[in-house]
Amino acid sequence: MSMKKPVDRIAKATPPAFANRVRALSDRAIAWLFVGPSIVLLLAVNIFPLIWTINLSFTNFKANRLRDAEYIGLRNYERILTDVDTWQSMQATAHFLFWTIFFQVLIGFALAYLINKKFKGNDLWTTIIVLPMMLSPAVVGNFWTFLYQPQIGLFNYVIEFFSGVDASSFSMIGSVTLAPWAIVIVDTWMWTPFVMLICLAGLRSIPDSIYEAAECDRASKWRQFWTLTVPMVLPFLMLAVLFRGIENFKMFDLVVQLTGGGPGNTTLLTSIDLKREAFEKWRTGYASAYAVILFVTVFGLASIYVKALNKVKER
Amino acid sequence: MSGFSVTEPSKRQKWFAGVLVITYAVVTLMPLLWIIATGFKSAPDSISYPPKVVFEPTLEGYVNLFTTRTRITENMRETLKEPTTWYEQIARDRGTVIAGPSRYGQRFLNSVIIGFGSTFLSIFFGTLAAYAFSRFKVPIKDDLLFFILSTRMMPPIAVAIPIFLMFRQIGLNDTQLGMILLYTAVNLSLSVWLLKGFIDEIPLEYEEAALIDGYSRFQAFYKVVLPQAATGIASTAIFCLIFAWNEYAFAVLLTSGTAQTAPPFIPTIIGIGGQDWPAVAAGATIFLIPVMIFTILLRKHLLSGITFGAVRK
Numbered sequence: 001m002s003m004k005k006p007v008d009r010i011a012k013a014t015p016p017a018f019a020n021r022v023r024a025l026s027d028r029a030i031a032w033l034f035v036g037p038s039i040v041l042l043l044a045v046n047i048f049p050l051i052w053t054i055n056l057s058f059t060n061f062k063a064n065r066l067r068d069a070e071y072i073g074l075r076n077y078e079r080i081l082t083d084v085d086t087w088q089s090m091q092a093t094a095h096f097l098f099w100t101i102f103f104q105v106l107i108g109f110a111l112a113y114l115i116n117k118k119f120k121g122n123d124l125w126t127t128i129i130v131l132p133m134m135l136s137p138a139v140v141g142n143f144w145t146f147l148y149q150p151q152i153g154l155f156n157y158v159i160e161f162f163s164g165v166d167a168s169s170f171s172m173i174g175s176v177t178l179a180p181w182a183i184v185i186v187d188t189w190m191w192t193p194f195v196m197l198i199c200l201a202g203l204r205s206i207p208d209s210i211y212e213a214a215e216c217d218r219a220s221k222w223r224q225f226w227t228l229t230v231p232m233v234l235p236f237l238m239l240a241v242l243f244r245g246i247e248n249f250k251m252f253d254l255v256v257q258l259t260g261g262g263p264g265n266t267t268l269l270t271s272i273d274l275k276r277e278a279f280e281k282w283r284t285g286y287a288s289a290y291a292v293i294l295f296v297t298v299f300g301l302a303s304i305y306v307k308a309l310n311k312v313k314e315r
Numbered sequence: 001m002s003g004f005s006v007t008e009p010s011k012r013q014k015w016f017a018g019v020l021v022i023t024y025a026v027v028t029l030m031p032l033l034w035i036i037a038t039g040f041k042s043a044p045d046s047i048s049y050p051p052k053v054v055f056e057p058t059l060e061g062y063v064n065l066f067t068t069r070t071r072i073t074e075n076m077r078e079t080l081k082e083p084t085t086w087y088e089q090i091a092r093d094r095g096t097v098i099a100g101p102s103r104y105g106q107r108f109l110n111s112v113i114i115g116f117g118s119t120f121l122s123i124f125f126g127t128l129a130a131y132a133f134s135r136f137k138v139p140i141k142d143d144l145l146f147f148i149l150s151t152r153m154m155p156p157i158a159v160a161i162p163i164f165l166m167f168r169q170i171g172l173n174d175t176q177l178g179m180i181l182l183y184t185a186v187n188l189s190l191s192v193w194l195l196k197g198f199i200d201e202i203p204l205e206y207e208e209a210a211l212i213d214g215y216s217r218f219q220a221f222y223k224v225v226l227p228q229a230a231t232g233i234a235s236t237a238i239f240c241l242i243f244a245w246n247e248y249a250f251a252v253l254l255t256s257g258t259a260q261t262a263p264p265f266i267p268t269i270i271g272i273g274g275q276d277w278p279a280v281a282a283g284a285t286i287f288l289i290p291v292m293i294f295t296i297l298l299r300k301h302l303l304s305g306i307t308f309g310a311v312r313k
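Going down the list, the protein sequences come from chains A and B. Heads up: the first sequence begins at 1 in this note's numbering, then just goes up one per residue. Heads up: the second sequence begins at 1 in this note's numbering, then just goes up one per residue.
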């Protein structure tokens with residue numbers, strides 16, 4: 001995008017005295033004056049801490065002890081990458097990421113498709129559907145532990161009502177096999193509207209004339225869906241997956257309130273694992289190395305994904 | 001309907017789509033309605049089997065939320081005066097007496113102060129930066145914009161380790177100022193990206209006209225651009241406020257007492273023998289309702305808000 005400089009054009013068209021007044025403070029100075037504070041704040045609260053983290057990751061520093069830190073080279077990284085528990089929490093995170101995105105894309109797209117049929121009152125219902133995603137994950141997650149209570153919980157009761165399985169016979173967050181799904185369900189409940197909204201924008205961006213042309217060519221509705229609707233919405237859908245992917249890789253508040261990583265370590269996502277290392281075991285150096293590994297992973301994956309996304313957009 | 005259109009869904013399709021969407025909406029709303037309902041239940045009603053849909057509403061949960069109570073013992077009973085207010089009466093009916101206010105009010109106030117403080121700052125700095133990015137040639141502009149966005153990719157816990165050490169060193173741990181600065185920085189990326197989108201949409205001609213009329217750059221900025229961007233600024237502000245309002249990870253790690261906000265506090269509300277669900281639900285209701293109202297007000301800008309301005313209608 002080329003920047004038009006109105007001041008320059010005015011300056012050319014007006015007498016020098018006036019032009020000088022306009023230029024009293026040069027555009028460049030104003031630009032830096034305006035951008036400066038934001039950059040400084042971000043450097044102080046993001047970049048400086050990041051550099052500090054990288055530095056700490058080569059030490060055996062413990063934040064709850066006064067003892068000075070010693071540099072131990074790459075030993076923290078070596079320990080993390082060879083630790084079975086790390087890989088277990090990576091696995092738990094992968095399970096959580098894959099299934100939440102799978103369900104959210106499926107349900108979110110279906111909902112957007114239906115809402116796009118423009119039935120009466122669709123705006124109102126869209127707003128209602130969106131509500132869960134705007135709420136505090138920690139507060140809502142905490143309340144879901146109540147809904148998940150065996151016997152008295154609403155969720156278990158509804159399952160019993162429809163399937164006949166005794167409500168007190170299973171505990172969504174207490175069972176090793178069910179807990180990974182319990183967090184998937186709540187996250188899907190919360191974030192499906194996000195995917196839905198983006199898909200809806202995609203569907204609404206398709207001009208009617210394309211369908212009219214397809215209709216003239218006698219393309220079946222089924223064919224129209226797969227050769228027109230899906231490819232046109234795909235860039236939007238991929239963007240939604242990117243956002244959800246990054247967010248859920250960082251997932252902390254909702255799951256820590258729901259299961260706290262348990263039972264056992266079945267829902268111990270990387271962020272929760274990191275919190276334990278850093279703020280419960282106080283292995284600051286070790287946790288810093290862990291944090292660097294996580295950041296590099298999410299940054300790397302996101303960069304590869306954005307390249308793929310741009311390719312789809314170009315098509 | 002005028003004329004025949006191949007793209008207009010048939011009546012039956014609309015009806016079918018409507019029924020499915022409304023069914024989903026009702027199901028998805030159930031947990032939220034359950035929170036609100038539980039807030040008005042008595043303790044036994046809240047944990048009854050089967051779950052009670054029809055119940056006698058009581059304000060017990062709200063009384064428990066805002067007060068601390070002690071159990072009435074045998075020798076206390078004789079010296080006790082008659083309750084004078086409705087909330088004392090509710091506590092008395094459950095065999096307790098109000099000992100004092102709980103910490104919820106103060107935690108809620110922290111949320112308000114930190115939320116509004118950080119929103120004001122991130123909008124102030126964000127508007128300036130967005131205007132510069134939108135109107136001027138800033139060197140390495142794309143890199144700066146990407147850098148601003150990438151700060152959101154870091155897991156909060158990863159950032160929290162050095163922030164915790166830094167705050168401890170300069171005495172900002174567990175202070176409102178510390179949390180305001182932190183949330184301002186986190187929200188800046190959102191406000192710069194969103195506001196740049198809004199300011200890009202304002203035609204350059206307005207400013208050019210103002211400059212020709214003899215306005216300086218600053219005057220053109222605050223007399224022409226700002227009023228034009230007012231709705232954009234307002235909706236960006238609400239997004240920043242919602243983020244700061246809902247934030248949990250930094251709050252739970254960096255605050256413990258004086259500056260603690262409501263999200264880490266609400267799950268810790270406990271009664272006699274486990275969590276006091278009506279009180280938790282009451283606390284959650286008071287905390288969630290403002291966001292629900294904001295969401296309804298924001299519905300037109302929701303999409304650009306949640307995607308950092310990447311998608312707009």
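If you are wondering where the hints come from, they were derived from the structure by calculation, not from laboratory data. Note that CB positions come from ideal geometry on N, CA and C, so glycine has one too. One or more hints might be untrue.
Quick list of in silico lysine-lysine cross-link-like pairs, DSBU-like style, CA-CA up to 35 Å [to be verified]:
{"hint": "1", "chain 1": "A", "residue 1": "K313", "chain 2": "B", "residue 2": "K137"}
{"hint": "2", "chain 1": "A", "residue 1": "K311", "chain 2": "A", "residue 2": "K221"}
{"hint": "3", "chain 1": "A", "residue 1": "K117", "chain 2": "B", "residue 2": "K137"}
{"hint": "4", "chain 1": "A", "residue 1": "K307", "chain 2": "A", "residue 2": "K221"}
{"hint": "5", "chain 1": "B", "residue 1": "K137", "chain 2": "A", "residue 2": "K221"}
{"hint": "6", "chain 1": "A", "residue 1": "K311", "chain 2": "B", "residue 2": "K300"}
{"hint": "7", "chain 1": "A", "residue 1": "K281", "chain 2": "A", "residue 2": "K117"}
If you want a taste of the chain B side facing chain A, the calculated C-beta under 7 Å gives, among others [stated by the list, open to error]:
{"hint": "8", "residue": "S10"}
{"hint": "9", "residue": "K11"}
{"hint": "10", "residue": "A17"}
{"hint": "11", "residue": "T28"}
{"hint": "12", "residue": "W34"}
{"hint": "13", "residue": "A210"}
{"hint": "14", "residue": "F243"}
{"hint": "15", "residue": "G274"}
{"hint": "16", "residue": "W277"}
{"hint": "17", "residue": "F287"}
Here is what the structure says about each hint:
1. With a C-alpha separation of about 27 Å, the suggested pair K313/A and K137/B falls inside the 35 Å cut-off, and the hint holds.
2. For the given pair, K311/A sits about 27 Å from K221/A by alpha-carbon distance, which is consistent with the 35 Å threshold.
3. Between K117/A and K137/B, the direct Cα distance comes to roughly 44 Å. Violation of the 35 Å bound is thereby established for this hinted pair.
4. For the proposed pair K307/A and K221/A, the alpha carbon gap of about 32 Å is at most 35 Å, so the pair holds.
5. For a cut-off of 35 Å, the pair hint linking K137/B to K221/A is broken: about 48 Å separates their Cα positions.
6. Restraint check for K311/A and K300/B: satisfied, since their Cα atoms lie roughly 30 Å apart, inside the 35 Å limit.
7. Proposed proximity of K281/A and K117/A is contradicted: the alpha carbons are some 54 Å apart, above 35 Å.
8. Using the Cβ-Cβ criterion of 7 Å, the hint placing S10/B at the interface with chain A is not satisfied: the shortest such distance is roughly 9 Å.
9. The restraint placing K11/B at the interface with chain A is violated, with a minimum CB-CB distance near 10 Å, outside the 7 Å limit.
10. The beta carbon of A17/B comes within 4 Å of a beta carbon in chain A, closer than 7 Å, and the hint placing it at the interface holds.
11. Evaluation of the T28/B hint against chain A yields a held restraint, the C-beta minimum of about 6 Å falling below 7 Å.
12. This hint holds: W34/B has a C-beta 6 Å from the nearest C-beta of chain A, less than the 7 Å allowed.
13. Violation of the interface hint for A210/B is found here, the shortest Cβ-Cβ separation to chain A being roughly 10 Å, above the 7 Å cut-off.
14. The beta carbon of F243/B is not positioned within 7 Å of any beta carbon in chain A (closest approach about 10 Å), and the interface hint is therefore violated.
15. Annotation: interface hint on G274/B violated; nearest CB of chain A at approximately 11 Å, more than 7 Å.
16. Because the smallest distance between the Cβ of W277/B and any Cβ of chain A comes to about 6 Å, under 7 Å, the interface hint for this residue holds.
17. The restraint placing F287/B at the interface with chain A holds, with a minimum CB-CB distance near 6 Å, inside the 7 Å limit.
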